[in-house]
Amino acid sequence: MATQSKTPLKKDEPSFERHGLTDERLVAMWRIMVTHRTLESRGFALNRQGKIPFASAGEGHEAVQAGAAMAFERGKDVLVPYYRDVGLALGAGLTPYEVLLSLFGRAEDHSGGRQFPHHYASRRLGIQTISSVIAAQLPHAVGTAYAMRYRGERERAVLTTFGDGCTSEGEWHESLNFAAVHRLPVVFLCENNEWAISTPLTRQMAQPDVYIRAAGYGIDGAAVDGMDPIACYAAVKRGLERARSGEGPALVEAKCYRFLSHTTDDDDRTYRSREEVEARRKDDPVPGFERTLIANGVISAEAAEALKRSVLEEINAATDRAESMPYPLPQDLFDRVYADGWQPWRS
Amino acid sequence: MAVSSTSAASTLMNNVEAVRATLYEAMKNDDRTVILGEDVGARGNVFLITKDFIGEFGERRVIDTPIAEASIVGIAVGMAMEGLRPIAEIQFADFIYPAFNQIVGEAAKIRYRSNGEYTCPLVIRTPYGGGVRGALSHSVCVEALFYHVPGLKIVAPSFPADVKGLLNAAIDDPDPVLFLEHKKTYRLIKGEVPDGHYTIPLGKANVLKQGTQLSVVSYGLYVHWALEAAQNLEAEGLSVEVIDLRSIRPMDKSAILQSVEKTRKLLIVHEDNKFGGIGAEISAMVAEEALFHLDAPIRRLCAPDVPAMGYALPLEEEYMSSPAEMAQAMRDMVRF
Amino acid sequence: MAKTDTKTASLDRHGLSDDQLREILRNMLLQRQLDNRGFQLNRQGKVPFALGSEGHEALQAGAAMAFHRGRDVLAPYYRDLGLAVGIGLSPYEIMLSIFARAEDHNGGRQFPNHYSSKRAGLMSFSSILAAHIPHAVGAAYALKYRGESDRAVLCTCGDGTTSEGEWHESMNFAAIHKLPFVMLVENNQWAISTPLSKQMAQPEIWKRAAGYGMPGRRFNGFDPLETYDAVNEAMDRARSGGGPSLIEGTCYRYLAHSTDDNDMTYRTREEVREERKNDPVPRFEAILIEHGVMSAQDVEAMRKDVLRETNEATDAAEAMPYPQAADLYTHVYEGAWQPWQ
Amino acid sequence: MATTITMPQLGETVTEGTVAQWLKRVGDSVEKYEAFVEVSTDKVNAEVPSPVTGTIREVLVKEGETVATGTPIAVIDEVGAAPANAPSAAPAAPAVPEAPPASAAPSAPPAQTASSNGARGNGAGAAADADAVLRGASPAVRRLAREHHIDIRTIRGSGTNGRVTADDVLTAARMGPSAAVGQAIASAASPAEAAAAPPASKAAPPSGTSTYGEPIPGTIVPLNQARRIIAERMVESKHTAPHAWSMVEIDVTNVWKWRAREKDRFERETGYKLTLLPFFMRAVVESLAAFPLMNARFTPDGIYVNKDVNLGIAIGLATNLVVPVIKHADQLSIKGLAIAGGELIDKARRGKLGVDDLAGGTFTVNNNGANGSWASAPIINGGQAGIVTMETVVKKPVVRDDDSIAIRQMMNSCLSLDHRVVDGYVASGFLADLKRRLEKMGPDGAL
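Chain order of the listed sequences is A, B, C and D. Under the working numbering, the first residue of the first sequence is numbered 25, with each subsequent residue one higher. Under the working numbering, the first residue of the second sequence is numbered 198, with each subsequent residue one higher. Under the working numbering, the first residue of the third sequence is numbered 1197, with each subsequent residue one higher. Under the working numbering, the first residue of the fourth sequence is numbered -14, with each subsequent residue one higher.
Derived from the structure by calculation, the hints contain no laboratory data. Just so you know, even glycine gets a beta-carbon here, dropped at the ideal spot from N, CA and C. Hints are supplied without guarantee of correctness; some may be wrong.
Stated by the list, open to error - With a cut-off of at most 20 Å between alpha-carbon atoms, the simulated PhoX-like pairs for lysine-lysine come out as follows:
{"no.": "1", "chain 1": "D", "residue 1": "K17", "chain 2": "C", "residue 2": "K1500"}
{"no.": "2", "chain 1": "B", "residue 1": "K248", "chain 2": "C", "residue 2": "K1394"}
{"no.": "3", "chain 1": "D", "residue 1": "K248", "chain 2": "D", "residue 2": "K320"}
{"no.": "4", "chain 1": "D", "residue 1": "K320", "chain 2": "D", "residue 2": "K242"}
{"no.": "5", "chain 1": "B", "residue 1": "K225", "chain 2": "B", "residue 2": "K248"}
{"no.": "6", "chain 1": "D", "residue 1": "K337", "chain 2": "D", "residue 2": "K312"}
To be verified - So the derived label-pair ranges between C-beta atoms look like this:
{"no.": "7", "chain 1": "D", "residue 1": "R213", "chain 2": "B", "residue 2": "L209", "range": "35 to 43 Å"}
{"no.": "8", "chain 1": "B", "residue 1": "G302", "chain 2": "A", "residue 2": "A303", "range": "19 to 27 Å"}
{"no.": "9", "chain 1": "A", "residue 1": "E299", "chain 2": "B", "residue 2": "A481", "range": "57 to 65 Å"}
{"no.": "10", "chain 1": "D", "residue 1": "V64", "chain 2": "C", "residue 2": "Y1529", "range": "48 to 56 Å"}
{"no.": "11", "chain 1": "C", "residue 1": "P1399", "chain 2": "A", "residue 2": "R148", "range": "41 to 49 Å"}
{"no.": "12", "chain 1": "B", "residue 1": "G280", "chain 2": "D", "residue 2": "P202", "range": "49 to 57 Å"}
{"no.": "13", "chain 1": "B", "residue 1": "E433", "chain 2": "D", "residue 2": "P202", "range": "19 to 27 Å"}
{"no.": "14", "chain 1": "D", "residue 1": "P382", "chain 2": "B", "residue 2": "G434", "range": "54 to 62 Å"}
{"no.": "15", "chain 1": "A", "residue 1": "T119", "chain 2": "B", "residue 2": "A481", "range": "41 to 49 Å"}
{"no.": "16", "chain 1": "C", "residue 1": "R1267", "chain 2": "D", "residue 2": "L8", "range": "43 to 51 Å"}
{"no.": "17", "chain 1": "D", "residue 1": "K258", "chain 2": "C", "residue 2": "V1528", "range": "55 to 63 Å"}
{"no.": "18", "chain 1": "A", "residue 1": "F78", "chain 2": "B", "residue 2": "S519", "range": "34 to 42 Å"}
{"no.": "19", "chain 1": "D", "residue 1": "L8", "chain 2": "B", "residue 2": "S519", "range": "32 to 40 Å"}
To be verified - So the derived list for chain B, only partly shown, Cβ under 8 Å to chain D, looks like this:
{"no.": "20", "residue": "L245"}
{"no.": "21", "residue": "P347"}
{"no.": "22", "residue": "N403"}
{"no.": "23", "residue": "F533"}
All chains, full assembly: derive it from the sequences and hints.
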């Protein structure tokens, strides 16, 4: 029952099968990657400047997230991400300014400055609120998919993401199994970056491929090169289309790599070598895809430079603006515990 | 008690039938309502509460889940966030622990962490409590594990009419509600239940019996036993007031204080064990708010501080209180 | 659901002696008799609750034969009466559990069939599905950690339990650490009222083994000898450092889930009657007679002896005292237990 | 022997069962473990196997009938019962195995010791808490005492081990002066009964509430013994002694000054407060000497004039009143009267009054002034000729003999007399004498 659509994992040259993507969309996809990358380093920079207490990092995830985002249909699909999905959030419509509001924990932030950075939520964009608890979002994604199916909203599907470490959680298993039993419209996208904070994949599971577990649940499973945005786009698109057409859930595994430490609070030198990281930097998707686009005449070198500059300017402006915004007020602490006031005692 | 009752007529039922009738009404009236849990389908739940539901409402709305409590609640949370009105069932409260994170860490925080952008109108029903030879894994009280949690509401009715009114209120409620049903009262307790739709607001206690010499606060099965004990004490000329909390969070502070300020003595009776139990919060609240009305130390008659009641009858009996034990505690308090 | 042709049943003894074959049959007969006794005592109002394992006899008797007493560890679930008896618990001990007497291993605290016996190497477990599997994996880790290479952990569960997160977490951990652990799934098609089709989207649990990177095997749980072979192979691999296995034995739950359950509310008499045709007990009797391991009279005598033993165990256990109220307070912690110090 | 079969509890929460079908009829024989009846509940349908081998003697429940678990449904005559089966022969409570002798133990001492080790937070546990608390008054008692200006130590508790309850405080606050006289009657009329009264009131009704506690509308407040005696004596005195009443206004300005000058030193020296009472008592005993018929009592044989002057003082307590008596009051100075009175009042408040303290009164003084009363009509202590009160002291403009107007401290004094003993002539003479004596006292002199 489980069909493994194995996309060849080419490490030398990113593939250039467009999968129907126009030049504009290819450039838009790359812009997401550049914006993602710039915001990542901005988060770290602000932390090192002592301006924000914390930032998590998604460098190395740009390709998979930009690709998945292109397959995500804004206004229809629902995204249930995890905390490393800056690129996906941007691709789903979140602005750099909103990302920075989250980093600065300002009152204007979607969570009113309550949540950790990168824990976005936007009803408008269909991005569901998440916690930092690994795998806790997966049952929500499945429940959401059930609601769509229940209401017969055929054109909608749920895209949910997680890291390789998440696959060891009981809720991961329970969620895939339930989604499989009910053939729900949900795509489980594993951003396998080989590291769960300091735990390497080899200590996470006894065999290296997440996607082959799909067979045990009787659902579609596929692995793709997570450094190739087009391949990721194709795999996620296929999954979402199958889901929308009632063929049930899919498990897509994108093999990428986490270039930075887990967060600004983490120092990866304590558990992995510089050599390993440098070796993997060769596959860095951001310059890689830039080369591909230029090589294939999708964009000129000059236009690429201009795009990068404009992104930087946009983010600089967004940073200043977000930083100038006020914090939430102390009394905001008491808002929205319940719909009707928060006191446990009734009189 | 019955708010917005649309009918004067009533029907005699036990608590199982009251839950069943209310769920049925909810399923009938709102197709956003779905029920999910272990064996809620063909079996109609292990207590037959959802008997025949699957036939009438279909498998899409009456979902037999795999045995995976974390995802039963977690999936219901997702449904609620996306506009359904799920009623999740944990087959026995004893099985709720795998779902602890989904209830405490997720459901109770959805509204808060999204700053109101997402909400989680969800009911989690679960049978709890002992006196049914349920041993270590079919008789626990879990309320104290959850009543510490802001964002969550907890209801524990004791009478069929309250079951209906409060379950309706819980289903209408915009926030997650943990709805506790005492197994022992399921078929033991029968009562008239008003026909038609009505709700009882969460956080309103019910003074079951007026009295002047002692206030007894309880909930669940023990409400019935405390009432029986208090009524028997009338013959001894003792006047004991009995309050059924009905909901544990929010809790009816004024009902408790009014009673205590009248009787000047407070006895809290609950089946859950004493240390860190609901009674601890009530004691603290009364000490804070009404210390200078107290004419005797507050007393809690609760289960001993052991992990659970044993399966063998003597172990269960020793763990549980009895109406006689309650009566003696009441005598001691009144005469103090 | 294992279909087997009773007529031309072959006898692949997998190296088992006649005595061992007879022991397997006796275990099967004993399990069925004790099972029925539990239900009977409940219907007589003498015990509040009993669980049935009819249909699991072959699987459990065969698995028990592969268990090395005094060395291996068993982490069973509540439907493993036959396994418990097979690894050395006496019918009397079973009855003490059913009657919840003070002499019971758990001092009458636990539900019936929730055994525990250090002597037999049987780990204590609760009624919470899958909660015991991490424990079993932890035990296996301890065995490996101490380099006790001749020991392994046999852990059992039903098909429903495979949906629990703890099941997944445990399998994954056991695989990562190549632990001496055997996950034996007694797939009886029913989790109380939930059929396998609502438990998982594809019906073969053993297929999940690949996802964890461990060997998997499926076998006919109505055939005690095939069961023995599968469990023995997996246990040997575990003991010899070959790591964990996921093996799935197919059988069927003939009785309701428990004395509290009425299975006619969710499955048909016809289905049960159909499955009864494959009842492993008469089937194995027939095989042993057919291949001259026992005569029909021998089997009859064995059945009588089993009934006698069961009756004696029942009366003896019933005559034992309950625990005392004071026992409620023991073994909460080591030493004093008051929360206030 | 016969075995009664009861409806088994087929399921954790099941409370009743329906006999679906009898598989055996009366007279049929049945094997142990052979099914003989089919029972259905809302949880399960099950065939019930016989606990014994025998024949069905009786069928107690008809098919289709629903009975509570534990209800006998059939009787089986057992044949050749094996001893081991004996325990199971008696009717079994549902879901409860027969308790063989040894298993009766759960209800035996170990259980008690276990549950009374405080673990339950009741029984001995709470008793221990109580002991600790009894050393002090409860928060409610403290609050009420503060609100009513009452010294808790002066109240006799009606609670466990004499604990002062909130009701006790409210009672003390509510005690009217007239009750004092009633109690005085109780005490003085018959020493034995009188002495019995206070202890009786100590032994409060089992409910622990004071008889004087907040009355619940529509309920009867039960009588305690003190109350009953007071009631009897009141009626008796009113019926047997025709009461007459008279009042004088007394200028106590000088006495007041005198007292004011002496009271600190007096308290320092004696430890007792110096009130107006001893001055008044001194004046009373002097007037009694001048009017001996006021120190007498009516008997069928004639009027007996007492030899001694034993002055009773009405003292109000929380739950009752007592009237201790100063013997030979006529032989005591103001200081002596102050000390003797102080001792008795102290004893009364500590509940230490003995029979002798309460016996032998010949005349009674009642200090109503403390409660702000301006005039009162006390009931005579049976067996005496009269009772005189001190009302409250108030400053008033007074026209002096020289027609000058001055602000003086004035006090009314009321007298009730037994008209069988004396007439108004004597009584008014007595009052006038009392007035003159008091007004002569002070502002200087030795106590």
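Evaluated hints:
1. D:K17 / C:K1500: holds, 15 Å
2. B:K248 / C:K1394: holds, 18 Å
3. D:K248 / D:K320: It holds: about 11 Å lies between the C-alpha atoms, which stays within 20 Å.
4. D:K320 / D:K242: holds, 16 Å
5. B:K225 / B:K248: holds, 15 Å
6. D:K337 / D:K312: Within the cut-off at roughly 17 Å; holds.
7. D:R213 / B:L209: 35 to 43 Å: Violated: the Cβ-Cβ distance is about 50 Å, outside 35 to 43 Å.
8. B:G302 / A:A303: 19 to 27 Å: violated, 38 Å
9. A:E299 / B:A481: 57 to 65 Å: Check passed, 59 Å falls within 57 to 65 Å.
10. D:V64 / C:Y1529: 48 to 56 Å: holds, 53 Å
11. C:P1399 / A:R148: 41 to 49 Å: holds, 43 Å
12. B:G280 / D:P202: 49 to 57 Å: holds, 56 Å
13. B:E433 / D:P202: 19 to 27 Å: Given range 19 to 27 Å: holds, Cβ gap about 21 Å.
14. D:P382 / B:G434: 54 to 62 Å: holds, 56 Å
15. A:T119 / B:A481: 41 to 49 Å: Since T119 (chain A) and A481 (chain B) have Cβ atoms about 48 Å apart, the given range 41 to 49 Å holds.
16. C:R1267 / D:L8: 43 to 51 Å: Given about 49 Å between the Cβ atoms, the range holds.
17. D:K258 / C:V1528: 55 to 63 Å: holds, 60 Å
18. A:F78 / B:S519: 34 to 42 Å: violated, 55 Å
19. D:L8 / B:S519: 32 to 40 Å: At 38 Å between Cβs, range holds.
20. L245: holds, 6 Å
21. P347: Constraint on P347 (chain B) not satisfied, violated at 27 Å.
22. N403: Violated, because the Cβ-Cβ distance from N403 (chain B) to chain D comes to roughly 23 Å (cut-off 8 Å).
23. F533: With a minimum Cβ separation of about 6 Å from chain D (threshold 8 Å), the hint on F533 (chain B) holds.
Checked against the numbered hints above, the structure violates hints 7, 8, 18, 21, 22; every other hint is satisfied.
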